[in-house]
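Chains as they are written, first to last, in my numbering: chain A, 1 to 247; chain B, 1 to 247.
Please note: incorrect hints may appear among the correct ones.
Any copy will do: because identical chains look the same in the list, a pair fits if it lies in one copy or spans two.
Once the Cα atoms are required to be at most 30 Å apart in a straight line, the calculated BS3-like pairs of lysine-lysine come out as [as the list claims (entries may be wrong)]:
no.: 1; residue 1: Lys209; residue 2: Lys71
no.: 2; residue 1: Lys127; residue 2: Lys31
no.: 3; residue 1: Lys165; residue 2: Lys149
no.: 4; residue 1: Lys26; residue 2: Lys127
no.: 5; residue 1: Lys165; residue 2: Lys59
no.: 6; residue 1: Lys162; residue 2: Lys212
no.: 7; residue 1: Lys175; residue 2: Lys59
Keep in mind that the hints were calculated from the coordinates and are not lab data.
Number of protein chains: 2
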Amino acid sequence: MKNYKMTIAYDGTRYQGWQRLKDTDKSIQGKIEDVLSRMCGHKVEIHGSGRTDGGVHAKGQVASFKIQTDKSCQEIRDYLNEYLPEDIAVTAVCEADDRFHARLTRCRKTYLYRINNSNISNVFERKYVYNVPEELRVDKMKKAASYLKGEHDFVGFSSLKKVKKSTIRTIYDVKIEREGSEVRIYITGDGFLYNMVRIIAGTLIEIGKGEKEPECILKVLETKNRENAGFTAPAQALTLYEVRYDL
Amino acid sequence: MKNYKMTIAYDGTRYQGWQRLKDTDKSIQGKIEDVLSRMCGHKVEIHGSGRTDGGVHAKGQVASFKIQTDKSCQEIRDYLNEYLPEDIAVTAVCEADDRFHARLTRCRKTYLYRINNSNISNVFERKYVYNVPEELRVDKMKKAASYLKGEHDFVGFSSLKKVKKSTIRTIYDVKIEREGSEVRIYITGDGFLYNMVRIIAGTLIEIGKGEKEPECILKVLETKNRENAGFTAPAQALTLYEVRYDL
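Looking at chain A on its own, in the form it has when it is part of the complex (with noise of 0.2 Å):
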């Protein structure tokens, strides 16, 4: 048996998000285990670097999983790209080291979340963007981002129900950038808690709106309190953009 690491583009829009679930397949580790498996002749079973949620997306997702093959790298590659559907697609395919797990090995991940700042539709973005026709204040949105970084307990930022694990996540970076009439923010971290990343769009859009001061964030850091957060930023304007690992 041979580890395989790969890497993966979707679009989101069609379905309930990565996680396959009991005789479902509207999943998309799903669509690429059934390819997977079709190819071996037995069940494959892959492992992503995590879950993305309903109708989010990814450029850089990535997934790990073992099988025995003749076939090259570049062969799995195509075989698996000539069957999928049309919005999944596997960009690279490559042996890893046998420790590497895309779970559990540990790693830097970067989200994008896109904001239309415009009342004009951008016509051929306008399933990957979230618009927001009044002016965003970059400015404070940055000063609020430049709080969330370090070592923090973000269960404020979570729409977690009970917690039994550590809600403690590193922030290594959040970059806000205007072009034209969009503003991106990348948020990379080691790891994010359920909805987070889209809390955090959401609140700093609100910041950028001037309905919330950039120290709101020190708040949530402080209460733990979901409450003081801004909304849940739709999912479709958010794409898992990259995962980065030592191994």
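Following the hints, position chain B against chain A.
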């Protein structure tokens, strides 16, 4: 009555094309006229720079219209964008010289044809590109493109059944560029015959694949025979990129 010039972007996927047909509103022109008529309280007709076929997109289609209104140009634009569907956007409205007419005033049009030159789907752009897995020889395509420039009878590059009007057109420029796995063809001319850009794109693709030689362009121009040209490349990868007027 004031004369206005508007610039429009649209995703043509859902539409039968630019031109309004009797009693149907699956045209882009129809959608815009309906909103403009509602704003004015009476029927308004708009004139596009030209028709685009069903499935063809536009980044910079131009149309003109005459109305009497107290609204500013920006207010007209905002009104239209408020009521137009998300796949049609009016990106600009301005007052124009009285003599300006989007179809009759002389202009230079640029079309863009987008090719995903890969066996890996471009998941986010898949509705706006044509997939060519075989490697394209861009150098050969550029050589072929050079033969297209200038004033020629392009009837061999059209799907016209009966020819009444002149089929002589001028192509000012053909630019072919590769960026990553995408190959883009920009064609600028004073006008284009029915299906002319798609047949030129199809011919250039066949040349890039090595199925035809660059000199076949000369043969089509000389023989004026459609059969010497390549296939009609799909509409979904074609975008009316820009329309420029002297006036």
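Can you list which hints this structure breaks, lowest number first? The structure conflicts with no hint, since it agrees with every one listed earlier.
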